[in-house]
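Quick note, the sequences are listed as chains A and B, same order. Counting from 1, position 78 in the first sequence corresponds to residue 78 in our numbering; the numbering is continuous, with no gaps. Convert by adding 1000 to the 1-based position in the second sequence; the result is the number in our numbering.
There could be a bad hint or two in this list.
What the hints assert, rightly or not - Only pairs whose alpha carbons sit at most 25 angstroms apart, straight line, appear in this in silico SDA-like list of lysine to any residue:
1. B:K1010 with A:R106
2. A:K74 with A:T12
3. B:K1081 with A:N92
Said to hold, decoys possible - Chain B stretches covered by chain A per the calculated footprint, using a threshold of three residues with CB under 8 angstroms from any CB of chain A:
4. 1001 to 1014
5. 1071 to 1085
Derived from the structure by calculation, the hints contain no laboratory data. Just so it is clear, the structure is predicted and the values come from calculations on it, not from any experiment. C-beta: ideal position from N, C-alpha, C; glycine also.
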Amino acid sequence: MDNLIIETKGLTKYYGNTAAVRDVDLHVRKGEIYALLGRNGAGKTTIMKMLLGLSSISKGSIHMFGKPLDGNKKEFLGRIGVMIETPGFYPNLTAAENLEILADLRGYVKRNAIEESLEKVGLPYQDKKLFSEFSLGMKQRLGIAAAIIHDPEVLILDEPINGLDPIGVMETRNFIRALSQDYGKTILLSSHILSEIELLADSIGIIDKGILLEESSYEELKRRNMHYILLSVEPAETVIHMLEEELHVKDYRVTGKGDIQIFDTGIQTRDIVRLLAGRNIYVDAINKCSDSLEDYFKRMTGGEGIG
Amino acid sequence: MVNICRNELKKLKRQKTARMLWAVGILFPTFGMLLCISNHYRFRNLVGTNVIFGSFLVSPFLFSVMLLNLFELEERNGTLKNILVTGIPGWKIFLSKLIVAFITVVACTGINTAYTMAGGIFLKNYDADVFHIFGIYLGTSLCSVCATMPAVLLIVLLRKRNLVAMIGINCFVLIDFFLVWQLTMLRGLGLHLPILAAYRITYPFTIMEYTDNLQYGLDMLYYPLGKGILLLGLTAALSLGIGLWLYMRQEADL
């Protein structure tokens, strides 16, 4: 585990008596794209703010680049590019002027960094348009440009594709992918667009009500949880008992229609059919199914919406 | 620190509030100049008028409104987080905004001096010593701004409610000015108020034909210079200290 760039242990944040984030153990490895998934108010932004020292930690610890965060904020922040919530810039200044301020504050940005970062996100350098005249998509692009201006090792991006048009989404996705693959950047992002996460993320953390419900690589998640066997049979209670007793099925769920979803990866369809046929139970249907990330997310969080 | 202050100034580029404040600073000295020329006053009356209105009304107004503007623009645009993630400590941000607000006051004091020198040509007993006049304006402005420092607490506490903060600090500045302006009527010379201390300790050097006897007389009759400076210094130091502490506390949880 020595290639961990971000690691949290029991990270907790209280606002009064309410826990916004509870005992989160996050593991972001070098060079990967890690996506935090969760509804609005699930605690994604709070986690990101705590990682950046923008919000105090109630309990737990953060390690970045293998070192504890306490007291080393300045050193770490120079190695991290950030876009948190809606990108905030001065409306009376142009994109280049806004970036100049940030570059100045960073203090060690190379020459042409502003021009290069604007070019990378597809914004013109010489444009006299003020930030107040920008569309939401342009603002989002400028936010990403500000995050990469100092060539950071790690990028923390909160909803980076929010507000972008379809072409912009595709370009940003390709750009983020290139940053990870070609330049070896480690990226922690949050997004509510599940289809994009499916295309982009190497690892996924699902967070709900401040609790990290699951954390694993996307491939592992797909292999382990998103494939299941759907069994339509009656009576479901008897069959479940048989499956538990005979085939040692543990991970299953009964849907509202009375169908049984079996998630245990070791169970074969033919074993189930053989067992039920042997007990003279008629099977209406049995299928190998595959969940989308959205279905899986709903199942994990027990709800419909995601924000 | 120079970089941070320069960036604070860059943020004011094309900004409407900053333009309005500059307009006040540039146009206000014309009032005293025209008043004194039309009434054929002496040159020292022009200096006195500009001290009262310029240093004790316009300077604290410019300082506090510019400071509020600088804090509020970060809140309004959500830019504070961008600055904090560069690793710059909160106290430097706080200090840089104070410096820029004070730079505004110094620049307007310079403009006031230029107007005084130009207007003075038409008045009796003209003294062409630019540095002397600038020193008078800067000294009185500095003391007046120090006396207005409690407004920093209002700014830090109310910066997310711009209108309330604006009303609050303007009331504070106006009450201070009223106390100075109606000093005799309100029998304010004996009051231990920072703005009155500022006026009392700077009064002697605003008189062009100032003598040591005047300072001695004031010290004996009303308020000793040392005590006045202590009161002003404590007002400024406590206001800034508490203001910074509150700011750092608020900033710890964005």
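Any of the earlier hints contradicted here, and which numbers?
none
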